[in-house]
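Student: Place chain B on chain A using the hints.
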Amino acid sequence: MGLLSNKNKEILTSPLSVNNPVVVQMLGICSALAVTSKLEPAIVMGISVTAVVAFANVIISLIRNTIPNRIRIIVQLVVVAALVTIVSEVLKAFAYDVNKQLSVFVGLIITNCILMGRLEAFALGNGPWESFLDGIGNGLGYALILVIVGFFRELLGSGTLLGFQVIPQAFYDFGYANNGLMILPPMALITIAVIIWVHRSRNKELQEN
Amino acid sequence: MAKYRCKVCGYIHEGNKAPDVCPICAAPASDFEEVKDEVAAQKGINRDSNVYTVVYASVMVVLVAVVLAFTSQSLRSFQKANEDNDKRQQILRSVNVSVPAGEAEAKYNELIKDAFLINAKGEKVGDAQAAFAGSEADAYPVFVANIDGQTKYIMALHGAGLWGPLWGYISVDADKNTVFGTDFSHQGETPGLGAEITKPAFSSQFAGKQLFKDGSFKSIAVVKKGKSAAGQDYVDGISGGTITSQGVSAMLFDSLKEYEKFLTSKE
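Heads up: the protein sequence lines correspond to chains A and B, in order. 33 is the number that the numbering used here gives to position 33 of the first sequence; each next residue is one higher, with no gaps. One rule links them: number in the numbering used here = place in the second sequence (from 1) + 1000.
Read the hints as simulated data drawn from the structure, not as lab findings. Glycine included, each C-beta is placed from N, C-alpha and C at the ideal position. Heads up, some of the hints might be wrong.
[Unchecked claim] Here are the computed lysine-lysine pairs in the DSBU-like style, where the Cα-Cα straight-line distance is at most 35 angstroms:
#1 B:Lys1087 with B:Lys1199
#2 B:Lys1007 with A:Lys100
#3 A:Lys100 with B:Lys1017
[To be verified] Have a look at the derived ranges for each label pair, beta carbon to beta carbon:
#4 B:Glu1105 with A:Ala121: 42 to 50 angstroms
#5 A:Leu189 with B:Lys1007: 18 to 26 angstroms
#6 B:Ala1120 with A:Ile71: 50 to 58 angstroms
The shape of chain B in the complex, shown without the other chains:
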């Protein structure tokens, strides 16, 4: 079976002769030219045979795999550096320090004095490296920052918003009760609504709020503007981002609950 290509639109017709009119652009038969299978014709390879198809697919897959593996390997160090700096920026923002990505590492090393993992009993179970790598099962990172001579404890938060995960960092003063600053990140909250939790207008509300009331853990509630929460400190949520706001509220409670022993210990 021969192939005919329409010179006007590129449509390929398969048959023994060119069609009277092109079904795509209605060009007449005179605008069709025969397409010759040059390679196949020269080498006598049957491009429709099973063996050819299978070999072709296998070679292609191997080639693509090699190219992708090479790309991934050669860019890995850049990507890791970006991810680490992004994390450092988030941690630094939680103690109200905002720096561009390029300076994040230097500033982080300057301000963060210590970091460790603790378990739910408040015992240290990991070193600074493990803490930076993130939460493990039943182990939660704490970063100790020194801001203007004062000690701040930074804790990691994980939760769920409307469309996907939420995470963030919250810092408390040396009394392990008064919030010093927060930073929230999200994967896919609605821009302009839920996504506003990343803005300082939202996260700065937390400063000065207290996690404990009369010695018991209460967390901080995120409530609808104008409403209040009994028996605990609260901040205003995002109008139009109710589910995300509730997610932040739940994330604060659930994540900080794991730190309760650490927060009530005196050391």
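Isolated chain A (complex conformation):
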């Protein structure tokens, strides 16, 4: 079996679209709403979650045959919590400003349902390499939605992208105003709902009757 056989490609790419953790499986919604009022924290959050899911998947997959069945959830939690703490410490040391914006949400990666979902459903029953790909795929699928939501919320809510002004001053002179609602949590829900709508209408097989 090659490193990127068809099955592995499927593992890596299906969470990006047809099996997306956020818009199809509805996991990790809470943090997707909370950190997307600006693009930069959304990107950092996406990268952090990807790193944590990928490595947690690999570690759990490596020790899956030794984990006592009765405390397996606890073992998963400990692995995830340790990784999240490390990510949080690294961010504090090398990306201090972003860490301040993400505040509690880095710590709350632990409770991100995507993590436990992937560990329980995939890493416990698959080898390290497949688990790594699965973690990367799901992390990126999550990050993708965060970035899309963050892009629209920052653009329409603040008129900026990554902190740079992109809507020219001339627009404001004509009476254009930033939509303050975009940076509040309700619009994150509505934005995700719109993404789901578009996504479902392009993928008929996902539609429920």
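Tutor: Chain B only, in chain A's frame:
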């Protein structure tokens, strides 16, 4: 009891034979393969025994603790440097000097001539190091800055906003009455509303306002746009951030009240 894994979705079934259809993805029994407990089978370890579980948990906890302690120790100096620079940036912003984090330390050393802790009676109780470390019980930091040859006193503020703590720095001229500049920070105020207190549009309003009226301490009020406050100087609050604005107002009064003796002393 044997375990069977669905090759389609990874579902693990426990039983004596594979299920007829997978409960998750409805794959037929032929898509199930038996999962063998290789390690346990080879070594003859019972993975469900209490001893194994307890030992496993203990070893895991110790390992994780070692890894985390090591990470924390090795990154500590970077984090401390970041926190200190962040604080220096805040202090410098209160005297209207805005520098990137990398230059904060040099600029801080250039502009801040002295720092000390004072108590509520206005007596010095700590040195520059203690002042930078922050407020202690009944001891409040004062930073003395020299901007273009003029002395400015910077004082620390602590209060509460809508969602969490607020803090900031306020600088006054050598007369210890006229505000020179302010800087506010917050932990979790609403972005776009309460969080706007960190923007210069809000904090620059304070320049030139006076803390004392007719010799008595009044602080500066933050009021709803268009309203006024009798007998004291005031600035406009943030629309939609009423609680945060009130928090700033209360923070200014409560924190500066502790500095009253220092502000009225002549030295």
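Student: Work down the list of hints and note, for each, if the structure agrees.
Tutor: Verification of the supplied hints:
1. Taken as a hint, the Lys1087 (chain B) and Lys1199 (chain B) pair is honoured in the structure, with Cα atoms around 17 angstroms apart against an allowance of 35 angstroms.
2. Only pairs whose Cα atoms come within 35 angstroms are accepted, and Lys1007 (chain B) paired with Lys100 (chain A) is rejected, the gap being roughly 43 angstroms.
3. Restraint check for Lys100 (chain A) and Lys1017 (chain B): the C-alpha separation of about 53 angstroms exceeds 35 angstroms, so the hint is violated.
4. Look at Glu1105 (chain B) against Ala121 (chain A): about 49 angstroms separates their beta carbons, and that is inside 42 to 50 angstroms.
5. Roughly 37 angstroms separates the CB atoms of Leu189 (chain A) and Lys1007 (chain B), a value that falls outside the hinted 18 to 26 angstroms.
6. At about 54 angstroms, the CB distance of Ala1120 (chain B) to Ile71 (chain A) agrees with the hint of 50 to 58 angstroms.
When the structure is compared with the earlier hints, violations turn up for hints 2, 3, 5 and for no others.
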